[in-house]
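**Student:** As they're listed, the protein sequences go chains F and B. Quick note on my numbering: the first sequence kicks off at 1 and runs consecutively. Quick note on my numbering: the second sequence kicks off at 1 and runs consecutively.
What the hints contain is simulated information worked out from the structure, not anything from laboratory work. Please read these numbers as outputs of a predicted model, since none were measured by experiment.
With the C-beta cut set under 8 Å, the calculated list includes, among others, these residues of chain B facing chain F: (1) Glu134; (2) Pro138; (3) Val250.
From the three backbone atoms N, C-alpha and C, an ideal C-beta is built for every residue, glycine too.
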Amino acid sequence: MTTNKNASAKDGSSERFYEQTWDLQYKHALGRTVSRFLDGLAEGKIWGRRTTDGRVLVPARSYDDLTHEETGEWVEVANNGVIEMSTVVYEAFNGLPKPPYALAYVMLEGADTALVGYVKGLDLSVQSVAIEAVKIGSRVHVCFAKTPTGTAADYWFELDATS
Amino acid sequence: MINVGIIGFGQSRFQTKRTDVTFPELVKEGADLALADAGITIKDVDAVVYPLAPDALIGVGNGERWVIDALGATGKPFMRVNNGGATGMSAVLTAWTHVASGLFDVVLVAGADRVSESGSAQSVLNKMWDVGYERTIPLNTITMLALSAQRYMHLYDSDETDMALVTVKNRKHASLNPYAHLRTPITVEEVLASRTLAWPIKLGDACPASTGAAGVVLVSERYAQRNNLKPAWIRGIGQNSETYWMGARVGAKSQGDHADADALAHAFDIAYKQAGITDPVNQIDVAEIYAPFSSVELHVIEAAHLAKKGKSPEGLRNGKFTLGGSGPVVNPSGGTQCTNPIAVTGTIRVGEAANQVLGRTGAHQVPNARVAIASAIGGDHQFYSTMVLCSDLEEIS
Numbered sequence: 001m002t003t004n005k006n007a008s009a010k011d012g013s014s015e016r017f018y019e020q021t022w023d024l025q026y027k028h029a030l031g032r033t034v035s036r037f038l039d040g041l042a043e044g045k046i047w048g049r050r051t052t053d054g055r056v057l058v059p060a061r062s063y064d065d066l067t068h069e070e071t072g073e074w075v076e077v078a079n080n081g082v083i084e085m086s087t088v089v090y091e092a093f094n095g096l097p098k099p100p101y102a103l104a105y106v107m108l109e110g111a112d113t114a115l116v117g118y119v120k121g122l123d124l125s126v127q128s129v130a131i132e133a134v135k136i137g138s139r140v141h142v143c144f145a146k147t148p149t150g151t152a153a154d155y156w157f158e159l160d161a162t163s
Numbered sequence: 001m002i003n004v005g006i007i008g009f010g011q012s013r014f015q016t017k018r019t020d021v022t023f024p025e026l027v028k029e030g031a032d033l034a035l036a037d038a039g040i041t042i043k044d045v046d047a048v049v050y051p052l053a054p055d056a057l058i059g060v061g062n063g064e065r066w067v068i069d070a071l072g073a074t075g076k077p078f079m080r081v082n083n084g085g086a087t088g089m090s091a092v093l094t095a096w097t098h099v100a101s102g103l104f105d106v107v108l109v110a111g112a113d114r115v116s117e118s119g120s121a122q123s124v125l126n127k128m129w130d131v132g133y134e135r136t137i138p139l140n141t142i143t144m145l146a147l148s149a150q151r152y153m154h155l156y157d158s159d160e161t162d163m164a165l166v167t168v169k170n171r172k173h174a175s176l177n178p179y180a181h182l183r184t185p186i187t188v189e190e191v192l193a194s195r196t197l198a199w200p201i202k203l204g205d206a207c208p209a210s211t212g213a214a215g216v217v218l219v220s221e222r223y224a225q226r227n228n229l230k231p232a233w234i235r236g237i238g239q240n241s242e243t244y245w246m247g248a249r250v251g252a253k254s255q256g257d258h259a260d261a262d263a264l265a266h267a268f269d270i271a272y273k274q275a276g277i278t279d280p281v282n283q284i285d286v287a288e289i290y291a292p293f294s295s296v297e298l299h300v301i302e303a304a305h306l307a308k309k310g311k312s313p314e315g316l317r318n319g320k321f322t323l324g325g326s327g328p329v330v331n332p333s334g335g336t337q338c339t340n341p342i343a344v345t346g347t348i349r350v351g352e353a354a355n356q357v358l359g360r361t362g363a364h365q366v367p368n369a370r371v372a373i374a375s376a377i378g379g380d381h382q383f384y385s386t387m388v389l390c391s392d393l394e395e396i397s
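Could you build all of it, start to finish, from the sequences and the hints given here?
**Tutor:** Structure below.
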């Protein structure tokens with residue numbers, strides 16, 4: 001449904017504007033491979049798929065982006081790993097969550113590609129402290145939602161406790 | 001293949017908003033400016049290629065339908081091209097193919113964008129991520145490049161000051177270019193003090209959302225000879241693509257690192273080989289390379305082989321890549337960082353490079369420029385276009 005209205009320019013000129021909203025609803029089929037990965041989140045598991053040359057793609061993909069060949073065996077990777085890249089977002093974007101929030105790509109043990117997710121459970125109010133906490137090489141573990149939704153929102157990362 | 005040259009380049013004076021024209025009227029401005037600069041009319045044009053990035057940015061589905069008359073393309077062969085941020089240059093490469101094949105003698109590429117009208121460009125751009133795995137994470141074109149910038153700093157012991165040096169250079173250049181959007185000079189301190197968008201990218205590292213139009217006219221060598229024209233000759237073109245998955249660009253078994261632009265380097269190698277460029281630093285006079293954020297320019301300079309990996313900050317600190325400095329000048333127009341009308345940003349790179357080798361840019365002219373390069377990047381560092389332009393068809397030595 002769209003909302004339409006005409007409005008005159010504020011300065012009294014003859015330029016007019018037309019306002020509209022795109023409000024489209026989609027129901028995307030996620031297929032068998034993605035669906036099985038999402039099912040795994042409810043069991044506290046992160047699944048990858050092994051390529052013909054032995055790499056483990058995480059999250060699980062049915063084909064290999066490098067060789068164009070189908071992947072085969074399902075491989076459960078560890079729930080802990082290392083931040084490969086991260087950012088802390090302080091700017092608000094329309095339609096996206098309220099900042100601040102931290103995002104990271106994490107290489108889980110046993111995986112050959114990194115998994116993206118929120119890094120939660122840390123104080124982001126002081127930028128210098130936040131970016132140091134999520135720097136490349138920081139160790140994190142996967143956390144899972146107690147009430148799964150069947151989407152990728154069912155997992156996130158938290159920093160390992162420093163010993 | 002038939003030699004192809006550029007005989008006209010037109011562009012608007014870019015700004016945040018334009019309320020004096022409709023979107024098709026803005027597109028017509030780009031077509032009219034390009035045709036006038038070429039000294040021809042739409043009657044001389046054999047085919048039209050139209051660059052337009054995501055429809056949602058202009059709020060009209062299949063925008064090519066809306067602008068067909070504005071382009072003067074009715075009754076002519078027509079194509080719309082969309083390759084994300086590379087759209088404006090991919091359209092020029094499409095036009096090049098049209099002419100190089102011998103099928104057409106004169107091809108117009110023209111378009112426009114008004115990014116700010118959507119009010120939420122990053123919300124639109126967030127929709128380019130995987131619906132199953134990534135859409136619950138608020139990725140956008142700023143965060144994807146913040147990730148790359150963090151890895152670059154980590155791998156090459158670089159810092160935010162290095163990024164600020166890029167902004168300072170580009171703003172200085174843009175202050176000389178009457179068509180650029182952000183034309184106010186800025187200091188390193190001001191960039192570092194600007195607010196964080198997605199660390200390490202700050203407002204001072206970011207491009208604006210620009211409104212305006214641009215176009216170029218490409219012609220065959222036989223047309224140029226018949227009409228006594230002196231085009232900027234396209235001496236080499238390159239294209240390459242990179243995997244969808246950002247997470248596949250890290251780790252021991254990755255093909256390239258998200259810190260770098262190795263796939264773009266390959267596209268430059270292809271264009272350089274065609275053009276006979278063997279020593280880029282000494283053979284290239286000017287580079288108009290697509291880099292919407294300061295951090296991106298660092299690794300694109302390196303992908304173009306104008307500096308070794310991790311060494312572009314050192315060059316900047318030594319005054320290289322700047323108008324008046326020694327060696328190739330990078331983005332004398334101020335570049336994408338100062339003007340980003342998404343659909344035609346790549347078209348502007350080519351047009352500025354063409355004008356440089358013809359000695360007709362004005363205050364931001366690189367003295368005696370003969371060889372220029374242009375490049376563009378689309379998607380999440382996925383679609384790469386490169387070009388070498390020269391003022392003549394003699395050997396580049």
